[in-house]
Amino acid sequence: MPPLVQGEPAQLTSASEQLPAVELVGITKAFPRVVANDDVSLVLRRGEVHCLLGENGAGKSTLMAILAGMQQPDSGAIRVDGRPTAIDSPRTALDLGIGTVYQHSTLIGPLTVLENLLLGDSRRLRLDFGGARRRLQEFAAMLGVEIDPDSRAQDLALGRQQQVEIIKALWRGSRVLILDEPTSMLTPQAVAELQKVLERLKAAGLAIVFITHKLHEAVALGDQITVLRAGRVTGSIDREQIRASSPEELEAEIVKLMFGDTTEAAESPEAHIGGGGQTHVEAAHGEIALELVQADASGEGSQPGIEDVSLTLRFGEVLGVAGVDGNGQRALAEVISGQRRLTHGEVRFMGAPVGKVSVAQRERLGLRYVTDDRLGEGIVAGLPVSLNLVLKRIGKPPYWRGGRLRRDAIERDAQMLVDRFGIRTPSVQARAGTLSGGNIQKLLLARDLSFDAKVVVFHKPTYGLDLKTTHAVRRMIGALRDGRAALVISTDLDELLEVSDRIAVLSRGRIVGIVENGPGAAEQVGRLMISDVTLGVRDVVDQELQRT
Amino acid sequence: MSDSVSIPAQPEPTDVIVAQPPRVGRGSGRVRSRRAAAAGDALVRSLVPVILALIAGGLLLLILGRDPVSFYSDIWKGGIQQGSWEDSAMRGAPLLLIAVGLTVIFRANIWNLGYDGQFLIGAALITGIAPHLLSTPNAVSLVVMFLVAMAAGAAWTIIPALLKSRYETNEIITTLMMSFIGIGVANILVKGPFQDPTVNIPQTRVIPLDHMLPSIPGTRIHVGVLVALAAALIAHFVLTRTAFGLRLHVLGSNPRAAAHIGINVRRLIVSAFLVSGALVGAAAAADILGVWGYMRANWNPAYGDTVIPFVFLARLNAVAVIPFIAFFAVLSNGGDLAASNAHLPTDFLLVLVALILLFMTVIEYLGRRRGLGGSYLTPGLRAALRVPLLRRRRASEVCR
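Protein chains in written order, with my numbering: chain A, 1 to 548; chain B, 1001 to 1400.
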């Protein structure tokens, strides 16, 4: 077994004078039609968290793919511990001690933690479980976490799964750890815990690359911040500057680096964060749009269902639903959309019970669901954008007459929606699967907000989107206060605080409380999320998930 | 859906839904040429395996000490010349109907592999009731018998259909099981209630010639061939231009999306099965009423097995499958003569079919490397087949 951390341990005093763990110099990588990285240089030092910021398509992923050995740069050099090195395959990267934790879990759910960790270990015929168990203990001690080696990966909470992923990335003995948007699925508590883990990894002498969209995380966690835009490094903020500036100054500086000096881009995120809480107090007194009465529904697999959920959503209102992922969010959304059957209780839409009404009919009534699983169930990747836009109206006039498809009508309206929602696509005939994540979400929004939408359920509406698209989506949600209504299910508390009038908290399939948005709401919601919990949150969540 | 993992993926249909009409104005030339290029690629991909199989088959004949030239010219003689093309056409009719029936359901990524049972149940019922319909007008009795066969074929899919739609039971297993039961039941019917009492061989009574399907004037070809061609054209229209066809496509390419956009997935699964079974039943009617006129016990032509490669070669396109079926009909019809002249068993023709399948796989692999045309396979299965290219592909995904 290699040592836990390769290379010599960091000296706390002179980390910056030391030889950097990895140096990327003048990396250029071009693909047909786009230069993904243009003369990018990056220095990763032991014992430092290096935050990499940038919009989607800024070139972060390509840079990390080069570092992980999955792409070869067209030009430029990589130096590991000062030695010029060619990382010509993912295996080489692993042997060099460069480990990556991807945004989405790569653990195999039904396998145990130990089995997952041994997956990459093909060096000998017989799996060394005893050795792996000891090694896992060492890593857990180093990270300051407790992990049951024999529980199945799918039974762990997301934060815990991520810890296993980190250990998996470090398994072969790491000097560099790449984290790709590690906080996007986590609760505030899990983020805090991740922060502690990062501190310990730093102390152990690892160089960490932290990719994120979230400015405040970069400011809070980074020892060094590099901003990429359109494949180029637009700016770097070093340790001294981070220490010397206030968080607000830093965020302003980063926004400038990310979007350039154009006022439109620079103001949109800031203005929005500030202006979120004020406008939506008086509108919340419309008629009842959507009502859940003691609704029960069963879950699927390790995902819990919902139990005795009662909610009231009025026209002109945005109701947020907060909670740790995997607490019945999907069941709640699908019960409203009609994709999941109620086992008890009732769903009423504008006063009328719709519990037995089909998905298609609810859609036609104006009850919409913007799914979080955009690729898995949102779009049909092989069909053109135009058909995807009208897919929920399949077989209905004016797009189908007598069962026959009317291409002209479909394409005309699709073009209109593409223009109105700013979906970037070569044409309406392009296959939907070729669009970027943000544009796929815009496609889904165009489909579900159009055609007389009255009540829209959003599930993680901005998950994985870049800053600009995120704000565009949040604006669209806010626009529903014009007399329509929105239910926003999100694991991102900041998002809910920004868009909602009230925030309900979903825990283990139950609504444990509803909070009026305003000053102090964040703390109240946070407290509700961990209510009746005296142990650490993650322990309880883990135990719950194991029990169910 | 959980079973999308366990069930083999099927090819993405080449599709008029996806292909777009040329747009007028700027850029239309480019669109058209791109479409032409895509069509050309598809043609290459479809024909090359056939040509390679014929070449490899020729080499095999050489090794066996036969003359490939005379073998293939015998096929030409026996399959095309001197009116034998008419026999080939009639041989193709049931094949085409089964191919269309499989195309419809494969598009929904559902595997109806119970075609033999569906076919034989339909055939047995027709030969059983035919003697009782001799007094009714010919047109009426023929239509009734077609409908009976179609209903029988459809009925034989109901159990797998309901099991799949209710409980997501793997239909590969259930249709195969139902097929074995169907073959057995058909034999029981032929040996039991439908047995011709006047003969000692277990077979049904023979339908009089004047009660069989009429010929197209001026030829010996029965009208069942026209029925099959019409079925292919109608199926193609339905699959590519109607809401039903699009629903099947959505179900086939993303079943979770089908549920999300409000398609009644359970009902659609059952409909797809019924249509598929009915077309297989129609194939039985066309074959019995057009060619055989009676059924023997233990008769099982297993048309579906030979048809499946062509359904995939045509990439689930109900019209594109016609030339392939025509090709195979000529091959098998002329092959009888060629094989007996070359002193080979007729099973040698199945070797040719197997070679076609083999070369489809080879072309699939090469085509991926060279970017040649569309694939026969869905992206998931394609990825699994391309292990040597894994690294390059993953990298391109990462940077996207």
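The hints are simulated quantities; they were obtained by calculation from the structure and are not laboratory data. Check the hints yourself; a few may be wrong.
[Claimed, not checked] Quick partial rundown of chain B residues pointing at chain A, CB under 8 Å, derived from the structure: (1) A1056; (2) G1058; (3) T1242; (4) V1250.
[What the hints assert, rightly or not] Between beta-carbon pairs, the in silico distance windows are: (5) B:V1143 - A:P353: 45 to 51 Å; (6) B:V1199 - A:K396: 27 to 33 Å; (7) A:E346 - B:N1138: 56 to 62 Å; (8) A:K396 - B:T1136: 39 to 45 Å; (9) A:T106 - B:L1366: 29 to 35 Å; (10) B:P1323 - A:D39: 52 to 58 Å; (11) B:R1266 - A:P353: 52 to 58 Å; (12) A:D74 - B:G1065: 55 to 61 Å; (13) B:L1366 - A:A409: 53 to 59 Å.
[As the list claims (entries may be wrong)] Over the 12 Å line for every Cβ pair with chain B, so calculated as not near, a few chain A residues: (14) G26; (15) E287; (16) G382; (17) K396; (18) R404; (19) G433.
Idealized CB from N, CA, C, for every residue including glycine.
Is it true that V1143 of chain B and P353 of chain A lie within 45 to 51 Å of each other by Cβ?
holds (47 Å)
Do V1199 of chain B and K396 of chain A keep their Cβ atoms within the hinted range of 27 to 33 Å?
violated (58 Å)
Would you settle whether the hint for T1242 of chain B is holds or violated, based on the nearest Cβ-Cβ distance to chain A being less than 8 Å?
holds (5 Å)
Hold the hint about A1056 of chain B up to the distance rule: shortest CB distance to chain A must be less than 8 Å.
Check failed: Cβ of A1056 of chain B comes no nearer than 33 Å to chain A, outside 8 Å.
So does D74 of chain A sit 55 to 61 Å from G1065 of chain B, Cβ to Cβ?
Holds, at about 57 Å.
Minimum Cβ separation between G433 of chain A and chain B greater than 12 Å?
violated (9 Å)
Regarding the assertion that E287 of chain A does not contact chain B, is the least Cβ-Cβ distance greater than 12 Å?
holds (26 Å)
Is it the case that G382 of chain A keeps its Cβ farther than 12 Å from each residue Cβ in chain B?
Violated: least Cβ distance 5 Å, not greater than 12 Å.
Checking a non-interface call: every C-beta of chain B should be farther than 12 Å from the C-beta of K396 of chain A. Is that right?
violated (8 Å)
Tell me if the beta carbons of L1366 of chain B and A409 of chain A are separated by a distance inside 53 to 59 Å.
Violated, at about 41 Å.
May I ask you to test the hint 52 to 58 Å on the CB atoms belonging to P1323 of chain B and D39 of chain A?
The hinted range 52 to 58 Å holds for P1323 of chain B and D39 of chain A, with Cβ atoms some 55 Å apart.
Is it true that K396 of chain A and T1136 of chain B lie within 39 to 45 Å of each other by Cβ?
Holds - the Cβ-Cβ distance for K396 of chain A and T1136 of chain B, about 43 Å, lies within 39 to 45 Å.
In this structure, the earlier hints numbered 1, 2, 6, 11, 13, 16, 17, 18 and 19 are contradicted, and the remaining ones agree with it.
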